[in-house]
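So the sequence lines, in the order shown, correspond to chains A and B. So the first sequence is numbered by numbering that gives the first Met the number 0: it starts at 0 and just counts up by one. So the second sequence is numbered by numbering that gives the first Met the number 0: it starts at 0 and just counts up by one.
Careful, some of the hints might be misleading.
[Said to hold, decoys possible] Computed far set for chain A versus chain B, every beta-carbon distance over 10 Å: (1) 31; (2) 49; (3) 55; (4) 102.
[To be verified] Cross-link-like lysine-lysine pairs, in silico, BS3-like; alpha carbons within 30 Å at most: (5) 41/A with 320/B; (6) 515/B with 91/B; (7) 302/B with 41/A; (8) 41/A with 44/B; (9) 515/B with 284/B; (10) 215/B with 241/B; (11) 292/B with 44/B; (12) 424/B with 41/A; (13) 44/B with 424/B; (14) 302/B with 369/B; (15) 302/B with 91/B; (16) 317/B with 215/B; (17) 350/B with 41/A; (18) 91/B with 241/B; (19) 132/B with 350/B.
[Unchecked claim] Stretch by stretch, here's where chain B covers chain A in the computed footprint (C-beta under 8 Å, at least three residues): (20) 23 to 30; (21) 37 to 44; (22) 68 to 78.
Keep in mind the hints are simulated off the structure, nothing from the lab. The beta carbon of each residue, even a glycine, is placed where N, CA and C say it ideally should be.
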Amino acid sequence: MRLLFASLALLTAAPAFGQDAGQTQFVTTCSACHQVTGQGIKGAFPALAGDPFVQGDADAVITTVLNGRGGMPSWKADLTDDQIAAAISYVRAAWGNTAPPVTAAQVAVVRARSAQPVVRSMQAH
Amino acid sequence: MAVSRRTFIEQLAVVGGLSLAVAGMEALGFGFASAQAAPPPLTGKGKGVRVVILGAGLAGMTAAYELTKAGYDCQVIEARSFAGGRCQTARKGFSHTDLIGHTQVCDFDEGLYINHGPWRIPYNHRSTLHYTKLFGVALEPFVNDNDAAYVYFQNGGGPLAGKRLRKGQLAADMRGYAAELMAKAAGKGGLDLPLSPADRDRFIGYLVSQGRLSPKSLAYGPTEGRGFDVYHGAGLDPGPGKLSAPFALADILSSDTWRALEPLGDHEQQLTMLQPVGGMDHLAKGFERHVGKLIRYDTEVQKLTQGAAGVEVFFTDKAGKSGSIQADYCICTIPLSVLQGLDVAVSAPFKAAMAGPAYAPVNKIGLQMKRRFWEEDHAIYGGHIATDIPGIDTISLPSTGWQGQKGVLLGYYAFGADAARISAKSPADRAAFAVAAGQKIFPEYAESFESAFSVSWHLTRYSQGGWAEWSDDARASAYPVLCEPDGRLYLAGEHLSYLGGWQAGAIESAWQQIAKLHARVNAA
Ligand SMILES: Cc1cc2nc3c(=O)[nH]c(=O)nc-3n(C[C@H](O)[C@H](O)[C@H](O)COP(=O)(O)OP(=O)(O)OC[C@H]3O[C@@H](n4cnc5c(N)ncnc54)[C@H](O)[C@@H]3O)c2cc1C
């Protein structure tokens with residue numbers, strides 16, 4: 000994982016460090032569906048670019064990313080508070096979006112409120 | 000102090016590790032199976048009642064099959080051009096276009112296939128096995144556990160990190176060390192076991208045989224069960240051969256490879272495991288032989304309305320032509336990940352509950368190899384290679400076509416964030432990733448590779464995820480709402496069961512919902 004992060008970071012022009020880490024996190028974990036452009040895929044994956052929800056109440060966005068909803072996976076078992084904060088901060092400020100970043104501490108508060116993650120075993124289904 | 004069998008087992012799990020506890024459970028005859036073994040008897044009236052079923056996956060076809068038998072007038076609407084839903088198999092010519100627009104046409108040799116969706120049926124899924132038997136779907140064993148299979152963990156520490164180890168050797172060592180510790184402690188009275196002295200000796204006897212310990216010293220050491228460095232054989236050379244030396248306990252622990260010993264702990268992973276001969280889609284085809292004539296293929300549901308008198312389903316066919324069907328009731332088996340985005344007339348609480356579960360990102364890739372090197376060079380016949388290479392997780396070797404020329408193996412079976420990451424690659428890059436990873440474990444991998452077919456279920460139209468994942472919160476709040484009808488609409492599918500991500504969940508959910516529907520029709 001760490002190696003991959005490092006190599007991706009080399010490839011991308013670096014803005015501020017925080018935003019760079021956020022972009023790496025987004026490209027790695029979120030772009031398969033929402034696309035690197037943030038435009039999503041019509042009828043399946045919503046555009047995050049220009050999306051009022053993404054730029055609105057931070058807790059609601061954090062809850063969505065932690066718990067998932069339908070085709071949006073739950074990330075709480077896979078990502079740390081730092082990683083989730085980085086990804087959300089990135090989508091709130093990329094592609095012309097203009098919402099303030101969220102902190103790992105904010106994610107931790109919402110995480111503590113929500114249920115425990117599904118425990119995954121190595122072999123499932 | 001009297002001790003219940005259950006408490007005893009729990010203590011075993013604490014002091015002895017899960018595998019001992021599981022062995023203990025089996026010895027004591029605990030057994031659990033999926034709750035329903037046969038469809039509900041639908042006696043009474045059903046004749047002429049019109050039911051429109053959305054989705055021709057296993058839940059939809061189960062409902063269609065059983066309701067039709069009871070006299071209902073069923074129609075099934077299916078968006079795909081084939082029946083089965085997630086129960087599908089890729090073989091030569093099978094085409095898959097994902098939501099991103101990548102199209103792959105499977106190019107495996109005739110007779111080879113990959114079950115990129117469901118692939119195994121545990122013996123305790125009596126509902127699934129009810130239909131394989133009913134429809135004459137031939138089964139063969141699925142090797143779900145193989146002592147010869149490798150474990151390859153690269154991210155742990157110590158001398159075993161990045162080495163391929165035989166699972167059976169690891170298991171022998173962990174069992175041996177755990178048994179040794181327990182047997183020695185029990186011998187000294189150190190475990191404070193609630194057992195009579197005679198039973199305590201029996202317990203130590205059990206540990207000696209489990210761990211292949213020296214009966215005298217209770218120490219674990221090289222044993223035949225763990226295997227040989229030089230195989231025993233004829234004459235004097237190799238004669239008795241040379242036993243292999245155990246790995247050091249600390250080395251196994253620091254390498255994390257002990258985690259790979261878990262699979263049989265899960266109820267659904269227990270042996271015997273079965274698979275349909277020739278591909279899992281033979282189960283879907285079994286259903287389709289009976290209900291295929293009721294299915295309207297290539298027809299995508301867009302909207303559902305309902306009123307006091309019935310339901311109306313609006314759809315568009317492949318040519319873009321729209322239409323609608325009216326019926327008395329609707330059974331909808333469309334995954335919630337997809338249904339969420341459709342225009343469905345339900346109450347506000349029901350609508351909110353539909354957002355309850357999240358669907359799992361899941362990747363599989365089939366790799367055709369021109370030579371069965373895992374059998375020929377490594378003596379591995381089926382089973383799983385467990386690995387912590389991110390995005391690979393499991394490499395599985397086919398449980399069919401033994402000792403043939405070629406074979407298709409499963410190159411990865413990955414979930415969650417790693418699955419999402421790998422799925423962002425093009426199909427060609429996914430294959431390159433899978434081959435490079437497998438090469439770390441098998442030197443013959445890259446040179447044997449011929450063609451690949453990969454599916455990421457979260458990027459798959461009409462599925463949008465491998466299966467529903469319920470948090471405890473959503474299970475408590477949303478799930479019970481969705482298990483009840485909303486007006487004339489009944490939901491069914493794997494997502495409405497505690498057997499999520501299993502075909503048995505889809506089938507048993509359908510059984511439950513049609514029983515409810517039938518009771519309502521008969522009460523009316
Ligand atoms: C990778 C993987 C491995 C698995 N392994 C196993 C296993 O080893 N053993 C096992 O028993 N189970 C396994 N499962 C689970 C099993 O495949 C599912 O639980 C089961 O097939 C689900 O059946 P279903 O009828 O509930 O849903 P589906 O099969 O998804 O059926 C829903 C149907 O609705 C259709 N549909 C969707 N949208 C629309 C629309 N708008 N209009 C019309 N139709 C629509 C779909 O095309 C589909 O046919 C696995 C699943 C996956 C993904």
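Comparing the hints with the structure gives:
1. Here residue 31/A does not stay apart from chain B, with its beta-carbon only about 4 Å from theirs, under the 10 Å limit.
2. With a least CB separation of 19 Å from chain B, residue 49/A remains clear of the 10 Å interface cut-off, as annotated.
3. No Cβ of chain B approaches the Cβ of residue 55/A within 10 Å, the least distance being about 17 Å, so the stated non-interface status holds.
4. Under the 10 Å C-beta cut-off, the non-interface status given to residue 102/A relative to chain B holds; the minimum distance is some 21 Å.
5. As the CA atoms of residue 41/A and residue 320/B are separated by approximately 20 Å, the hinted pair is consistent with the 30 Å bound.
6. Pair hint residue 515/B plus residue 91/B does not hold up; C-alpha atoms about 41 Å apart against a cutoff of 30 Å.
7. Restraint check: the Cα-Cα separation between residue 302/B and residue 41/A comes to about 17 Å, which is no more than 30 Å; the hinted pair holds.
8. For the proposed pair residue 41/A and residue 44/B, the alpha carbon gap of about 45 Å is over 30 Å, so the pair is violated.
9. Under the criterion of a C-alpha separation no larger than 30 Å, the hint pairing residue 515/B with residue 284/B is consistent with the structure, at around 27 Å.
10. At most 30 Å may separate the alpha-carbon atoms for a hinted pair to count; residue 215/B and residue 241/B meet this at roughly 22 Å.
11. For a cut-off of 30 Å, the pair hint linking residue 292/B to residue 44/B stands: about 23 Å separates their Cα positions.
12. For the proposed pair residue 424/B and residue 41/A, the alpha carbon gap of about 19 Å is at most 30 Å, so the pair holds.
13. This hinted pair does not check out: residue 44/B and residue 424/B have alpha carbons roughly 54 Å apart, beyond 30 Å.
14. With a CA separation close to 48 Å, the supplied pair residue 302/B and residue 369/B exceeds the 30 Å bound.
15. Distance check on the hinted pair: residue 302/B and residue 91/B sit about 35 Å apart at the alpha-carbon level, beyond 30 Å; violated.
16. Among the hinted pairs, residue 317/B with residue 215/B is inconsistent with the structure: their alpha-carbon atoms are about 75 Å apart, more than 30 Å.
17. Using a Cα cut-off of 30 Å, the hinted pair residue 350/B and residue 41/A holds, with the two alpha carbons roughly 21 Å apart.
18. Simply put, residue 91/B and residue 241/B have alpha-carbon atoms about 47 Å apart, too far for the 30 Å limit, and the pair is violated.
19. This hinted pair does not check out: residue 132/B and residue 350/B have alpha carbons roughly 38 Å apart, beyond 30 Å.
20. Coverage of a stretch by a chain is defined here by at least three residues with a beta carbon nearer than 8 Å to that chain's beta carbons; for the stretch 23 to 30 of chain A and chain B the count is 5, and the condition holds.
21. For the stretch 37 to 44 of chain A, the stated coverage by chain B is satisfied: 4 residues place a CB nearer than 8 Å to a CB of that chain, which reaches the threshold of 3.
22. Evaluation of the coverage hint for the stretch 68 to 78 of chain A: fulfilled, as 10 residues show C-beta separations to chain B shorter than 8 Å, against a requirement of three.
The structure does not agree with the numbered hints 1, 6, 8, 13, 14, 15, 16, 18 and 19 stated previously, though it agrees with the rest.
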